[in-house]
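Got chain A sorted already, so can you dock chain B onto it with the hints?
2 protein chains.
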Amino acid sequence: MDEARRGGRRRPGLKLLLFLYASLFLNVFFFCYLVLSRHQPPPGWARSAARDAEAVAAIDCSGHGRAFLARGGLPVCECNACYSGDDCSQLLLDCPADADSEDPLFLEPYWQQHASTSSIVSPGWQCMRSRTMGGDFISAELDRHVRLLHKAAENAITDGKFILFGSEVGELLHALVHALSAVNASSSPACLVASAPHNPFGRRHHECIGIRSNYVKGSLSPATKIIEHVTSPNDPDGLLQQSVLGASAVIHDHAYFWPHYSSIPAPEDEDIMLFTISKISGHAGIRLWWAVIKDQKTYQKAAEYMSLNTMVVSCDVQLRVLKLIRVVISEMGKGGGIFEFGYKTLKTRWSKLHKLVSSSNRFSIQPLLPRYCNYFKKIRDPSPAYAWLKCEMEEDEDCYAVLKKSGIASRSGTLFEANSHYTRLSLVRTEDDFDLLTMRMEALVSKELIASS
Amino acid sequence: MDEARRGGRRRPGLKLLLFLYASLFLNVFFFCYLVLSRHQPPPGWARSAARDAEAVAAIDCSGHGRAFLARGGLPVCECNACYSGDDCSQLLLDCPADADSEDPLFLEPYWQQHASTSSIVSPGWQCMRSRTMGGDFISAELDRHVRLLHKAAENAITDGKFILFGSEVGELLHALVHALSAVNASSSPACLVASAPHNPFGRRHHECIGIRSNYVKGSLSPATKIIEHVTSPNDPDGLLQQSVLGASAVIHDHAYFWPHYSSIPAPEDEDIMLFTISKISGHAGIRLWWAVIKDQKTYQKAAEYMSLNTMVVSCDVQLRVLKLIRVVISEMGKGGGIFEFGYKTLKTRWSKLHKLVSSSNRFSIQPLLPRYCNYFKKIRDPSPAYAWLKCEMEEDEDCYAVLKKSGIASRSGTLFEANSHYTRLSLVRTEDDFDLLTMRMEALVSKELIASS
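So the sequence lines, in the order shown, correspond to chains A and B. Quick note on this note's numbering: the first sequence kicks off at 1 and runs consecutively. Quick note on this note's numbering: the second sequence kicks off at 1 and runs consecutively.
Misleading hints may appear alongside valid ones.
Stated by the list, open to error - Computed beta-carbon distance windows for the label pairs:
hint, chain 1, residue 1, chain 2, residue 2, range
1, A, Glu78, B, Asp398, 56 to 64 Å
2, B, Ser307, A, Lys151, 32 to 40 Å
3, B, Ser116, A, Leu92, 39 to 47 Å
4, B, Asp398, A, Lys294, 38 to 46 Å
5, B, Ser307, A, Glu395, 33 to 41 Å
6, B, Lys294, A, Asn374, 55 to 63 Å
7, A, Asp435, B, Leu415, 56 to 64 Å
8, B, Pro109, A, Lys347, 51 to 59 Å
9, A, Leu92, B, Ser62, 55 to 63 Å
10, A, Lys15, B, Phe25, 12 to 20 Å
11, B, Ser248, A, Leu92, 44 to 52 Å
12, B, Gln113, A, Leu26, 34 to 42 Å
13, B, Phe25, A, Lys347, 55 to 63 Å
For the record, the hints were derived by calculation from the structure and aren't laboratory data. In this text, a Cβ means the ideal position worked out from N, Cα and C, and glycines have one as well.
Bound-form chain A, shown alone:
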């Protein structure tokens, strides 16, 4: 009886306990589930693409490369120059330092740091319409964001002006030369002319005589109509430039007129200005340029020319650039701006190289001075994209060859219509490339110092 009573008393307690535990369990479970799923995307079609992209990006290739889905869908490492092996861990000793290429890879870490805000998903049914620029939501948004970007960087005035987009600078130059020739009812297209040293890349095979500075050399008849092409900051030497030829029209290429590369004395307000996304965000693989045009007729003629020749920017490219510009603008207020990041990196590289070269009598680089910058609101150090290196000795007639012999790939001055005593060193590549460049330059300079001591 005592046993039975005890059992009777125990059973309801146990039931209660069971109930309580079950309830507690459910409470905890739901709490956990909610917490866990709050940060997951809703179940849907974009999940597998996100998973694939994250899996590939998780492979770090020893910090000297990037992973890519290759044959059979397997990720493989594409190594930086001078690194090899499956995981890019082996440094190739005989490999030349790449100071030739213009890809602004110094900005790659910036985008890796902003992975979650800067990535986009392209659904399979995206971009099935072929509308030309300006006729749809995407283009209107891109136009609006380009204006916001110029306003934020304080480098150009776009109010009341027209923006024309193209894939390549060559396309825009063709269209603009055509439009400027047509406006003045000239029978033959005008000649596009630039002063040396200048970078003619992408402007070859141009109408008329090409971009070479024949005008300056006096080989053009005075009757020929001239359009001056001014690159400021100039490639190769990073100097801010003005028009000097007194031409009837001037096209200003401001590809490098952004706070990472140059001081911004004031926003530019010229009639025709060219810009490209690749120098701003560093995406050299994305082909998008734009012209900011003051005169409506010039804009219309140029736009019509491009439309007739179906020079259309792929919709995917527009969407990608739109996303990048959105991130650049939104991060500016938060102290994580790309201009600050870029400026710090290039300033450090420039001052390292400057220090190195200043101890040498054999080499010199262009003199750049600290200048007031309207964007940073202070005097800032130089941070050019390129060093314009001169071999000072008479016997070093081919400066490019001198560097090549010492394991440095540069771009010869002759390619910029300049003296072969000059060569251009690119400072915008990866940290690996720059480290190798300074290592090789150090060796060159110390050899000189030992010889002279």
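Coordinates of chain B only, in the frame set by chain A:
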């Protein structure tokens, strides 16, 4: 003592129970967590992009449009032609049926059905290198997949040939004409000539005299070197064509030589063949063409010309196309092929229009017959991209205007160097567009039948 003993006996049991429950709880929790998280992507940077894309895609715009992230990051609906309102639910009654545009929107539902396999994520640091085509993983993969696609569709032989990529057909034509002129050491560039009716769009402003069929009209001197441009299936009439001019070189444009639009009698094996992704996958907003070239020298000259003029395809475009081709190939074996989907849709549209027009004496469309198709391994019905409509009555001299008056936007025969009694009706637009087109055509035909009865 009895109480104390009872308590002593109870405590270890309770402890055990607690332990058991806690353990059970943990087991259940982990089990649940694993099951739940197995189908979620690992936590990472791509999540928010995936979430955003899915949220936008979830807005259906009443089935008459697509959502897009507009100003302020808010999704808005971009409506199909003739629909309006915030959710695209209002049909505009006076709106003309769009049978003019060439965007192959009939394939949009295919990609929506394959959302999870066809979407891609672009991390922010993607495409920071500018390497030209052929020099990197992406281009090599694209080249390989284009060959696989031609093999799978059995429409062209690519073995031992070279593939040259470009953004626009105009770029490739320029480069090829340049290369073909140079190969034969001719002093002036050759003339590109086509037989009417043909679609000159995108080939205007060409070297020499443009693409217009002046040769056929006898206005060219016999000394001029001719390159024939053959479009097969032809735009506008969908007929398979051969070269007829006996020119020294022929460029075959096979943009529509895919199983959705045409029977494939046998794989083509010509010297120079052109294709584009937009007609295969339907992505008119993605600009990518390729030339399959037999002769190595011609390929090299054309590639060099494009490289000098920096005609480079954006890396994002290459990646997007690579993904689309991968899906097209992988779905082919599974019965969900895009060719089957496209063929069924266009066959249905063609037979509807054919039935409608055949009851009319005022209108006729081109006669197309069922033909054996090597891809489907059977006799198949016609499924052309366009109907080449003729207004048979003498008084309907401007067929385009006749249709326009009845609310149908078409493309006039005069734009194809043909008689104005002809006009082209596009059958590749959305279901909405095609429904409106047949509604308006029905009205036109029944008016005619009533008048004649």
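Evaluation of the provided hints:
Distance hint check: the CB atoms of Glu78 of chain A and Asp398 of chain B are about 58 Å apart, consistent with the given range 56 to 64 Å. For Ser307 of chain B and Lys151 of chain A, the hinted distance range of 32 to 40 Å is satisfied, since their beta carbons lie about 37 Å from each other. Between Ser116 of chain B and Leu92 of chain A the C-beta distance comes to about 41 Å, which sits within the given range of 39 to 47 Å. Checked against the hint of 38 to 46 Å, the C-beta distance between Asp398 of chain B and Lys294 of chain A comes to roughly 41 Å, which is consistent with it.
A hinted range of 33 to 41 Å holds for the C-beta pair Ser307 of chain B and Glu395 of chain A, which are about 35 Å apart. Taking the beta carbon of each, Lys294 of chain B and Asn374 of chain A are about 58 Å apart, inside 55 to 63 Å as hinted. A beta carbon spacing of about 59 Å between Asp435 of chain A and Leu415 of chain B agrees with the range 56 to 64 Å that was offered as a hint. Here the CB-CB span from Pro109 of chain B to Lys347 of chain A is close to 53 Å, well matched to the stated 51 to 59 Å.
Look at Leu92 of chain A against Ser62 of chain B: about 60 Å separates their beta carbons, and that is inside 55 to 63 Å. Hint check: Lys15 of chain A to Phe25 of chain B, Cβ distance near 18 Å, so the stated range 12 to 20 Å holds. Look at Ser248 of chain B against Leu92 of chain A: about 48 Å separates their beta carbons, and that is inside 44 to 52 Å. As the Cβ distance of Gln113 of chain B to Leu26 of chain A is approximately 38 Å, the hint placing it in 34 to 42 Å holds.
The beta-carbon spacing between Phe25 of chain B and Lys347 of chain A, approximately 57 Å, falls within the hinted interval of 55 to 63 Å.
Every hint from the earlier list agrees with this structure, and none is contradicted.
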